[in-house]
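Protein chains: 2
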Amino acid sequence: MRNFSETTITDAVLERIQDTGNPRIKQINEALVRHLHAFVREVRPTQKEWEQGIDFLTRTGHMCNDKRQEFILLSDTLGASMLVDVINHGAQKGVTETTVLGPFFVEAAPDKALGDDISGGMVGDPMIVTGSVSSPDGKPIANATIDVWHSDDDGYYDVQQLDKIGDLAMRARFHADQNGQFRFWSIKPAAYPVPHDGPTGEMLEAQGRHPWRPAHVHFMISAPGYEQLVTHVFVAGDKYLDSDVVFGVKDSLIREFVRHEPGQAPDGRTQNTPYYHLNYDFGLKPDKAASRAA
Amino acid sequence: MRNFSETTITDAVLERIQDTGNPRIKQINEALVRHLHAFVREVRPTQKEWEQGIDFLTRTGHMCNDKRQEFILLSDTLGASMLVDVINHGAQKGVTETTVLGPFFVEAAPDKALGDDISGGMVGDPMIVTGSVSSPDGKPIANATIDVWHSDDDGYYDVQQLDKIGDLAMRARFHADQNGQFRFWSIKPAAYPVPHDGPTGEMLEAQGRHPWRPAHVHFMISAPGYEQLVTHVFVAGDKYLDSDVVFGVKDSLIREFVRHEPGQAPDGRTQNTPYYHLNYDFGLKPDKAASRAA
Chain A
0 MRNFSETTIT
10 DAVLERIQDT
20 GNPRIKQINE
30 ALVRHLHAFV
40 REVRPTQKEW
50 EQGIDFLTRT
60 GHMCNDKRQE
70 FILLSDTLGA
80 SMLVDVINHG
90 AQKGVTETTV
100 LGPFFVEAAP
110 DKALGDDISG
120 GMVGDPMIVT
130 GSVSSPDGKP
140 IANATIDVWH
150 SDDDGYYDVQ
160 QLDKIGDLAM
170 RARFHADQNG
180 QFRFWSIKPA
190 AYPVPHDGPT
200 GEMLEAQGRH
210 PWRPAHVHFM
220 ISAPGYEQLV
230 THVFVAGDKY
240 LDSDVVFGVK
250 DSLIREFVRH
260 EPGQAPDGRT
270 QNTPYYHLNY
280 DFGLKPDKAA
290 SRAA
Chain B
0 MRNFSETTIT
10 DAVLERIQDT
20 GNPRIKQINE
30 ALVRHLHAFV
40 REVRPTQKEW
50 EQGIDFLTRT
60 GHMCNDKRQE
70 FILLSDTLGA
80 SMLVDVINHG
90 AQKGVTETTV
100 LGPFFVEAAP
110 DKALGDDISG
120 GMVGDPMIVT
130 GSVSSPDGKP
140 IANATIDVWH
150 SDDDGYYDVQ
160 QLDKIGDLAM
170 RARFHADQNG
180 QFRFWSIKPA
190 AYPVPHDGPT
200 GEMLEAQGRH
210 PWRPAHVHFM
220 ISAPGYEQLV
230 THVFVAGDKY
240 LDSDVVFGVK
250 DSLIREFVRH
260 EPGQAPDGRT
270 QNTPYYHLNY
280 DFGLKPDKAA
290 SRAA
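Heads up: the sequence lines are chains A and B, in that order.
Taking numbering that gives the first Met the number 0, the leading residue of the first sequence gets 0, the next gets one more, and so forth.
Taking numbering that gives the first Met the number 0, the leading residue of the second sequence gets 0, the next gets one more, and so forth.
Hints in this document: simulated from the structure, not taken from any laboratory.
A hint or two may mislead.
Which copy is meant is left open, so a pair is good if it fits within one copy or across any two.
[To be verified] With a Cα cut of at most 20 Å, we get these calculated PhoX-like pairs of lysine-lysine:
hint, residue 1, residue 2
1, Lys-66, Lys-138
2, Lys-25, Lys-249
3, Lys-249, Lys-47
4, Lys-47, Lys-287
5, Lys-25, Lys-284
6, Lys-138, Lys-92
7, Lys-138, Lys-287
8, Lys-92, Lys-287
9, Lys-92, Lys-284
10, Lys-284, Lys-138
Generate the whole structure from the sequences, applying the supplied hints.
Right under this line is the structure:
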């Protein structure tokens, strides 16, 4: 195979990968070649533009380390991550909708008891979060594992300022009680820009886009026999709900963070300053494998 | 914009980038979003497969340094580099065809005099290369700058074994004489596998492909008023001519490297051992900007 034209080279590459052993890898590779070539044929890059593309990808890779994942940020801001999300998670009655994991999840969040304050002393408006975890038919799921994490009042996560604050904060792992209920205290999160000092930031600037996400609290909820739920609850009224830079907002995930005057809080504690209350009742989807085994 | 479906998310991203200021960047970004989303919609990656894709790109970036360009290797082996080549360089009478630059070009090759031996003492079959540089109508281009580089008898370039050989070799910059002629001695290059100990190598193995390129000599030729020519001359009869891993072979770039018994070589030198002779006459394309200015 020699002397390829703009169209025969695509067939040549497809022919060359016919011996791909794994059928799924073959399917993905064939689609990659067809779509990549179609993109190049449409755009007709100059040699110089091709070099700029190679340089962009290289700098994106060099920006990735154990604290920063620039390729995830690129996938998020190009809408690819949420496209993968909707492909894998259709809406279903009684099941909470999903959204992106984001780059700030930490595997080993500190275990906390229900009712604990996880703010780690960060300054902000006090917030109590209450809620429940159930199956789609409303049956409480006792003891479900609940990871939560959120930004501070300035829009920064703990891991972005460990040098300053010294320890993880606004982040914890809880277990729901026997009735599937949970509650904890923290501070109300703020909207924030995704890190935009790298190639993704250059792209957003060239595209004339802002880098902001509306304020939200992340939840990751697991229980035996159910699919793991990865989602956020967004603060109603946030000015970025309709322009989230990663396209992650779903109406069912927006809740009023209700302001209360000083007084007795929902967990019985006496609160001497105004506070906010978020309640969200989560529904988990039964795991397919578990259903088959039952 | 919220609650995206598999199709509305693409429109949402396209709408979001409508304010891209530079029209060419806008065109490229719009095409990227459409083709990337079409690929994802066709392949329907699981969350796990998406993570594997992010990991593949990240490792490809981490493999890039000042001696290795893994994204170029990926572009080359997926046929994207040669697609960009054919888009930018259609065949034209009297103009030598182009092919990939490859990852082994070095900016500051040593200047050599016509007739010099550039083998640097590497062991192999002696080879004399002769040729000329002309405009499409056959007019000699005096003093054209000619960069040449090629592999050794084992298929390795100097830059892959600098620790062992200590200096650049089989690489030089010449200037054609007043009649556009050039000549130099070296050793006959061998076929070689592209570096395959990284993510690109994993991909080639999964695709059931070999990593080999047919033996060739690289040429990069420049002269005022002409487009720079980046090409190779391939050794006729090489077993990889029809399966070059980067799809770079064009028939017009294949030449017999003719074996000669000891005796007087084409440059008048007396050669005491058998040697090979390659002759190639190059045609350069007049530069558009220069033509307009003339």
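These are the hints, each one checked on the structure:
no. : hint                : verdict
1   : Lys-66 <-> Lys-138  : neither (38 Å within a copy, 60 Å between copies)
2   : Lys-25 <-> Lys-249  : neither (34 Å within a copy, 27 Å between copies)
3   : Lys-249 <-> Lys-47  : neither (40 Å within a copy, 22 Å between copies)
4   : Lys-47 <-> Lys-287  : between (49 Å within a copy, 16 Å between copies)
5   : Lys-25 <-> Lys-284  : neither (31 Å within a copy, 40 Å between copies)
6   : Lys-138 <-> Lys-92  : within (14 Å within a copy, 78 Å between copies)
7   : Lys-138 <-> Lys-287 : within (18 Å within a copy, 74 Å between copies)
8   : Lys-92 <-> Lys-287  : within (16 Å within a copy, 64 Å between copies)
9   : Lys-92 <-> Lys-284  : within (10 Å within a copy, 66 Å between copies)
10  : Lys-284 <-> Lys-138 : within (12 Å within a copy, 76 Å between copies)
Taken one by one, the earlier hints fail for this structure at numbers 1, 2, 3 and 5, listed in ascending order.
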